[in-house]
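*Asks:* So you can see what is in the structure, the chains are spelled out below.
Number of protein chains: 2
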Amino acid sequence: MVAVDTSLSERKLIILKAIIQNYLETGEPVGSRTLSKYTELNLSSATIRNEMADLEDLGYIFQPHTSAGRIPSDKGYRLYVDILMEEKEQEITEREDAMLEKADKVEKVLQQAARVLASNTNYATMVSAPVNSRNTLKFIQLSQVDQEQIVAVIVLGGNVIKNKIIEVGETLSNETLLKLNMLLNTTLNGMSIDQITLGLIARLKEQAGIHSEVIGHVLDAVAEIIHVEDDMKIYTSGTTNIFKYPELSDKQSAQEIISAFEEKQQLEDLVTETLASENDHAIQVYIGDESPVKNMKDCSVVTATYELGEGMKGTIGIIGPKRMDYEHVMRTLKTLQNELDAIYNKNPKE
Amino acid sequence: MVAVDTSLSERKLIILKAIIQNYLETGEPVGSRTLSKYTELNLSSATIRNEMADLEDLGYIFQPHTSAGRIPSDKGYRLYVDILMEEKEQEITEREDAMLEKADKVEKVLQQAARVLASNTNYATMVSAPVNSRNTLKFIQLSQVDQEQIVAVIVLGGNVIKNKIIEVGETLSNETLLKLNMLLNTTLNGMSIDQITLGLIARLKEQAGIHSEVIGHVLDAVAEIIHVEDDMKIYTSGTTNIFKYPELSDKQSAQEIISAFEEKQQLEDLVTETLASENDHAIQVYIGDESPVKNMKDCSVVTATYELGEGMKGTIGIIGPKRMDYEHVMRTLKTLQNELDAIYNKNPKE
DNA sequence: ATTAGCACTCCCTTGTTTTGAGTGCTAACA
DNA sequence: TGTTAGCACTCAAAACAAGGGAGTGCTAAT
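Line order of the protein sequences matches chains A and B. In case it helps, the working numbering puts the first sequence at residues 1 to 350. In case it helps, the working numbering puts the second sequence at residues 1 to 350.
Hints should not be assumed to be uniformly reliable.
Copies of the same chain look alike in the list, so a pair counts if it fits in one copy or across any two.
[To be verified] In silico DSS-like pairs for lysine-lysine, Cα to Cα no more than 25 Å straight-line:
(1) K264 <-> K334
(2) K205 <-> K162
(3) K37 <-> K17
(4) K297 <-> K264
(5) K162 <-> K108
(6) K334 <-> K105
(7) K297 <-> K251
(8) K233 <-> K294
(9) K334 <-> K233
(10) K205 <-> K179
If you are wondering where the hints come from, they were derived from the structure by calculation, not from laboratory data.
Can you build the whole structure from these sequences, using the hints too?
*Replies:* In structure tokens:
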């Protein structure tokens with residue numbers, strides 16, 4: 001995929017790059033005359049025209065209609081992102097003061113991240129909260145609320161807290177509760193959520209087996225709390241930025257994109273896809289049809305994975321028109337990714 | 001406000017009503033010829049024209065431009081909603097099978113409510129989660145997670161659970177913790193959140209005064225957990241329905257409305273306003289400028305308050321074009337309001 | 001009081017023309 | 001052989017013109 005098409009001469013590459021960059025700036029189809037001035041190689045428009053005809057044959061650019069200039073195809077953008085674009089890598093680590101302010105709750109930070117990203121790029125953005133299947137259990141406790149209710153509290157790494165009310169038919173004695181708590185803590189402490197299997201729970205039941213009925217019920221509830229995947233939280237911002245780009249502003253497109261942002265389902269798919277992809281910390285670019293979200297077939301989607309610690313991974317992403325400022329977007333995304341990665345270590349919990 | 005303008009003859013009212021109903025259906029300015037057929041009173045278009053001229057002078061209708069038909073003004077809609085509209089009250093209680101399915105989590109129910117409402121009406125909808133300032137405390141407990149962390153768990157009426165990790169400098173003895181828990185439970189149990197004032201906390205501090213420093217810190221934290229208003233959760237659905245109405249579909253309007261739905265702040269204001277209004281269980285209609293949310297000055301907003309029990313009130317609302325089907329909307333809203341009101345009693349916690 | 005009739009207004013649609021940016025091709029050129 | 005000037009051609013978009021039609025206000029007749 002990244003292999004350069006050998007049929008492309010140096011000059012064609014320069015011209016293609018010029019076409020794309022010009023189009024990114026203006027959003028207008030770019031013609032041969034414009035290019036003959038724009039490029040450093042001094043060629044007449046006629047020559048450029050010949051080259052452009054070739055580039056069109058090869059599928060990198062096309063005309064929206066006869067007698068119009070050319071615009072990049074998806075294939076063209078792909079080549080640009082993979083090869084042509086100059087990444088200003090060196091700057092990334094040094095420059096850029098923090099985008100995020102501290103905040104004590106993770107949710108706040110993530111919502112803020114989405115906002116910052118949107119205002120920095122003028123595109124629509126999303127940030128998914130980390131899912132924590134590889135997280136470990138730090139503490140577990142059952143307490144009697146009243147005659148018929150027990151509250152179970154579970155603290156995971158990163159100070160994620162889960163809890164639930166468990167309804168019990170009969171009152172449990174203090175003693176039983178104490179034993180149960182002991183048992184749970186000694187057995188489960190330090191284990192990752194993945195490790196706490198149904199088999200393990202079954203063995204616990206046996207060990208605790210005295211009033212098997214109630215206790216069995218309680219343990220089942222505990223297992224459920226631990227395993228129930230909190231449905232993925234996704235924060236969005238700047239959805240209306242898409243109105244800044246005419247190619248996405250018609251009713252049809254706007255409606256599709258915005259509803260994908262409201263009904264979060266599609267974004268969840270996007271996150272899943274991103275997290276599943278092999279090379280983790282890289283920035284991923286989906287151009288047009290490449291996007292896993294069908295509603296975004298006319299957009300480009302750029303995503304990155306961050307890690308709050310201990311396998312708690314989340315995704316940050318930007319959705320905009322295909323003619324998006326890839327350089328800037330990828331740089332900003334990388335910066336934010338770093339900040340989020342860092343946040344857990346430097347500021348474990350305020 | 002509800003007083004009928006005495007200058008309006010019976011006939012004018014009929015005509016006005018006809019104009020509005022016709023406009024609600026078609027969305028087109030309605031002219032005198034159309035009306036002379038549409039209305040039961042057999043009048044020629046000329047007569048109707050005279051009446052319409054009067055109605056325009058009185059500010060109930062206006063022309064978008066000379067030589068166009070008339071459309072209702074905000075004042076016209078107001079009159080319609082207050083007086084002209086026929087509410088089919090009787091049906092409400094009997095008919096209508098349940099819109100909501102049971103679900104164990106409140107959030108799910110509310111999200112579903114928003115969805116149902118949107119698909120039933122073809123407008124944009126919002127449902128706010130109840131705020132619980134008048135809720136009472138059922139149970140409170142502090143537990144040691146590790147050397148430096150305590151987790152505080154608080155259970156409120158309706159099984160709302162709040163919790164937080166508290167960082168402590170030094171380890172607290174089991175004994176101290178036990179005493180603290182006793183103290184907290186005996187003092188605070190059954191109190192409403194409003195009642196737990198800073199003064200009360202100060203008195204508690206004195207009573208517990210032994211290791212004043214750490215304990216003071218912990219008690220402050222507890223007070224904070226109790227009082228920190230969970231930021232209002234608002235569920236939305238069908239935002240993109242606004243694209244079905246041309247008068248709201250231009251970039252400008254669409255952008256304003258949609259961003260109000262994304263950045264929830266304005267919706268929160270709307271909820272606050274609704275909840276603050278005196279007559280609680282009534283349906284409220286805001287037409288155009290009447291809306292507390294400035295971004296919705298070209299819309300109509302219809303809201304209702306539901307009560308999950310014990311002063312836990314939330315708001316459901318519909319946002320659409322001024323020419324909205326008020327009857328249907330208000331009826332649907334009322335039905336849903338009843339269902340939500342009932343849900344807590346019939347199905348306290350599944 | 002109502003209505004028929006008429007002149008007038010103004011938006012909207014439709015068709016026509018003009019403009020201009022851009023292309024492809026051919027022939028001349030270095 | 002690669003490059004360029006020149007020219008005819010295309011097509012979208014803008015500008016313009018004309019007609020139709022829905023609607024109004026006013027006047028005069030019923």
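*Asks:* Against each hint, give a clear statement of whether it holds in the structure.
*Replies:* Going down the list of hints, with the structure as the test:
For the identical chains of this complex, K264 and K334 are intra-copy neighbours only, at 24 Å inside a copy versus 28 Å across copies, given an alpha-carbon limit of 25 Å. For a Cα distance limit of 25 Å, the shortest separation of K205 from K162 inside one copy, 21 Å, qualifies, whereas the shortest one across copies, 29 Å, does not. For the identical chains of this complex, K37 and K17 are intra-copy neighbours only, at 14 Å inside a copy versus 66 Å across copies, given an alpha-carbon limit of 25 Å. In this homomeric assembly, K297 and K264 come within 25 Å of each other (Cα to Cα) only inside a single copy, at 17 Å, whereas the closest approach across copies is 28 Å.
Both within a single protomer and between protomers do K162 and K108 lie at most 25 Å apart by alpha-carbon distance, with minima of 18 Å and 17 Å respectively. Within a single copy, K334 and K105 get their C-alpha atoms as close as 22 Å, which meets the 25 Å cut-off; across copies the closest is 37 Å, which misses it. In the homo-oligomer, the alpha carbons of K297 and K251 lie at most 25 Å apart both inside one protomer (15 Å) and across protomers (21 Å), since each shortest distance falls under that limit. When the C-alpha separation of K233 and K294 is checked against a cutoff of 25 Å, the pair qualifies only within one copy, where the shortest distance is 21 Å, while the shortest distance between copies is 29 Å.
Proximity of K334 to K233 under the C-alpha cut-off of 25 Å is restricted to the intra-copy arrangement: shortest distance 22 Å within a copy versus 31 Å between copies. Taking CA atoms no more than 25 Å apart as the test, K205 paired with K179 passes inside one copy only; the shortest distance there is 12 Å, against 32 Å between copies.
Violated hints: none; the structure is consistent with every hint.
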